[in-house]
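Colleague: What follows is each chain in one-letter form.
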Amino acid sequence: MALTKEQIAQRIAKELQDGYYVNLGIGIPTLVANYIPEGIEVVLQSENGLLGIGPFPFEGEEDADLINAGKQTVTTVKGSAFFDSALSFGMIRAGKVNLTVLGAMELSDRGDIASWKIPGKMVKGMGGAMDLVASAKNIIVAMQHTNKAGESKLLKECTLPITGLACVKKVVTELGFFNITENGFELVEIAPDITVEEVKAKTEGRLTISQNLKKMIL
Amino acid sequence: MNKVYNNADEAISDIESGMTLMLGGFGLCGLPENCIAALVKKGVNNLTCISNNAGVDDFGIGLMLQKRQVKKMIASYVGENAEFERQLLSGELEVELVPQGTLATRCMAAGYGMPAFFTPAGVGTEVAAGKEVREFDGKKYLLEHAFKADFAIVKAWKGDTHGNLIYKETARNFNPVMAMAGNITIAEVEHLVPAGELEPDMIHTPGIYVHRIFQGKQYEKRIEQRTTRKRN
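If you're matching them up, the sequences are chains A and B in order. All residue numbers for the first sequence refer to our numbering, where the first residue is 1 and numbers rise by one. All residue numbers for the second sequence refer to our numbering, where the first residue is 1 and numbers rise by one.
Incorrect hints may have been included.
Cross-link-like lysine to aspartate or glutamate pairs, in silico, DMTMM-like; alpha carbons within 25 angstroms at most [stated by the list, open to error]: (1) 124(A) / 83(B); (2) 131(B) / 157(A); (3) 117(A) / 85(B); (4) 3(B) / 16(B); (5) 139(B) / 157(A); (6) 137(A) / 137(B); (7) 140(B) / 189(A); (8) 158(B) / 199(B).
Label-pair restraints from in silico Cβ distances [unchecked claim]: (9) 55(A) / 10(B): 38 to 44 angstroms; (10) 145(B) / 120(A): 46 to 52 angstroms; (11) 41(B) / 4(A): 47 to 53 angstroms; (12) 194(B) / 4(A): 53 to 59 angstroms; (13) 40(B) / 4(A): 27 to 33 angstroms; (14) 116(B) / 1(A): 51 to 57 angstroms; (15) 217(A) / 217(B): 56 to 62 angstroms; (16) 77(A) / 197(B): 35 to 41 angstroms; (17) 228(B) / 4(A): 20 to 26 angstroms; (18) 183(A) / 16(B): 55 to 61 angstroms.
Where chain A lies over chain B, by a calculated footprint (3+ residues, C-beta under 8 angstroms) [stated by the list, open to error]: (19) 34 to 40; (20) 45 to 52; (21) 186 to 199.
No wet-lab data here; the hints were simulated from the structure. Just so you know, these numbers come straight off a predicted model, no measurement behind them. C-beta atoms are modelled at their ideal positions from N, C-alpha and C, and glycine is treated no differently.
Chain A extracted, bound-state conformation (with noise of 0.2 angstroms):
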């Protein structure tokens, strides 16, 4: 079977360490914060200008002063803090957030990533996904394998308008886990029920299958 979006986002949450700071973009890395391991604590920003993003309010208690940067009413935790939008990128650009989780349209086996514009199509802007990546040491990318067409999304060369160059050193899709190595896509656990041959036939870049190679537990 493939991941579905939530073991996708399952997956990931079991990268949380202690401690960390963790960005979460919209989409599919939103839904790790439902997973984050028992007994660990990490705290999560929002670029916004919020750290300790805590869980959507009771119906009633929504706050229109308090968002996440998908712009849906959220909460605090104990021990938040509010900055402003110059300060939270100050904290991203100084390589203070431990993760960052985003999506993409497209990723190249380099580690390129493009997610923000579909020229002709959808203008829409990068909101902080350039900042993010130009910036994060430790950055997980959840995305879809391939389009709704079937064509591979883990290209060779990105075909759309670039968000960063050579950033991104994990994926995961609803087919495994891969590293990013000078060798291309690594897989290195494979969903359960999924095959290398399926993996191999739905990735147009460069990849190579871990000699560890792991049924993904999830």
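Once you've looked at the hints, dock chain B against the given chain A.
Modeller: This is chain B only, laid out in the frame that chain A set:
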């Protein structure tokens, strides 16, 4: 010293067509709602607006877009606005997309009196076109310049008659850095109090940056994505 104005109409009365305005807020959070309404009423046009987002169709800067008051938008994210997209694709509206951290820091630099700075955001992308690239410790950075704006228009929670400001929660966002960056800065606040009533230790924006202040009214504070959980 008299920085206090009666309302938005008076505070923006000398904003003219063709000017460059900074508008605080992130999405619909922390928007200077009263000043936006006054700008729509005044009908100034050919404006260059610097703001993280362009509002939605019927709120925030979207209201100014509907009236074709904006010539150029400088923002980081402009989704969720059909009228914006239509004007952009038809060429009626000029748009400069700027990475969010670069946008904030270009405001901050202006308020710190620094003409430019280097940032890694956008290296190797369309954003880098025509910009100086310099390497520090083996990493590439782009030269980005401080913004210049005729007016910065911000929203705070509390303010005093000296223009000292305190923001609430994530409604802070771009407001403090924009407040620092305007040739003239207008602050609208939910609660205006006499100087001396705010705790000096708690001030986010010192009044030296704020030229005009007024107490806004009838804040709608619209929520873009209302997300909740059920009580057990």
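Colleague: Please go over all the hints and tell whether each is borne out by the structure.
Modeller: These are the hints, each one checked on the structure:
1. Distance restraint check for residue 124(A) and residue 83(B): the Cα-Cα separation of roughly 13 angstroms lies within the 25 angstroms cut-off, and the hinted pair is therefore satisfied.
2. Distance hint between residue 131(B) and residue 157(A) is fulfilled; the C-alpha atoms sit about 24 angstroms from each other, no more than 25 angstroms.
3. Between residue 117(A) and residue 85(B) the alpha-carbon distance is near 13 angstroms, which keeps this suggested pair within the 25 angstroms criterion.
4. The suggested pairing of residue 3(B) with residue 16(B) holds, with an alpha-carbon distance near 20 angstroms, which does not exceed 25 angstroms.
5. For the given pair, residue 139(B) sits about 22 angstroms from residue 157(A) by alpha-carbon distance, which is consistent with the 25 angstroms threshold.
6. Our distance criterion of 25 angstroms between C-alpha atoms is met by residue 137(A) and residue 137(B), whose separation comes to about 15 angstroms.
7. With a C-alpha separation of about 33 angstroms, the suggested pairing of residue 140(B) with residue 189(A) is violated against the 25 angstroms cut-off.
8. This hinted pair checks out: residue 158(B) and residue 199(B) have alpha carbons roughly 11 angstroms apart, not beyond 25 angstroms.
9. Between residue 55(A) and residue 10(B) the C-beta distance comes to about 43 angstroms, which sits within the given range of 38 to 44 angstroms.
10. Between residue 145(B) and residue 120(A) the Cβ separation comes to about 29 angstroms, which falls outside the hinted range of 46 to 52 angstroms.
11. Distance hint check for residue 41(B) and residue 4(A): the Cβ-Cβ separation is about 50 angstroms, which falls inside the suggested range of 47 to 53 angstroms.
12. In this structure the supplied range 53 to 59 angstroms holds for residue 194(B) paired with residue 4(A), their Cβ-Cβ distance being about 58 angstroms.
13. Separation of residue 40(B) from residue 4(A) is about 45 angstroms and departs from the stated range, judged on CB atoms against 27 to 33 angstroms.
14. Residue 116(B) and residue 1(A) have their C-beta atoms about 52 angstroms apart, which keeps the hinted 51 to 57 angstroms range intact.
15. The hinted window of 56 to 62 angstroms between residue 217(A) and residue 217(B) holds, with their beta carbons roughly 58 angstroms apart.
16. Between residue 77(A) and residue 197(B), the C-beta spacing of about 30 angstroms breaks the proposed range 35 to 41 angstroms.
17. In this structure the supplied range 20 to 26 angstroms holds for residue 228(B) paired with residue 4(A), their Cβ-Cβ distance being about 23 angstroms.
18. For the pair residue 183(A) and residue 16(B), the beta carbons lie near 60 angstroms from each other, so the given range of 55 to 61 angstroms is met.
19. Beta-carbon proximity to chain A at under 8 angstroms applies to 0 residues in the segment 34 to 40 of chain B; the threshold of 3 is not reached and the given coverage is violated.
20. Counting residues of the segment 45 to 52 of chain B whose beta carbon lies closer than 8 angstroms to any beta carbon of chain A gives 1, which falls below the threshold of three, so the coverage claim is violated.
21. Judged by the Cβ-Cβ criterion of 8 angstroms, the segment 186 to 199 of chain B is not covered by chain A as claimed, because only 0 of its residues qualify and three are needed.
Going through the hint list in order, the structure does not satisfy hints 7, 10, 13, 16, 19, 20 and 21.
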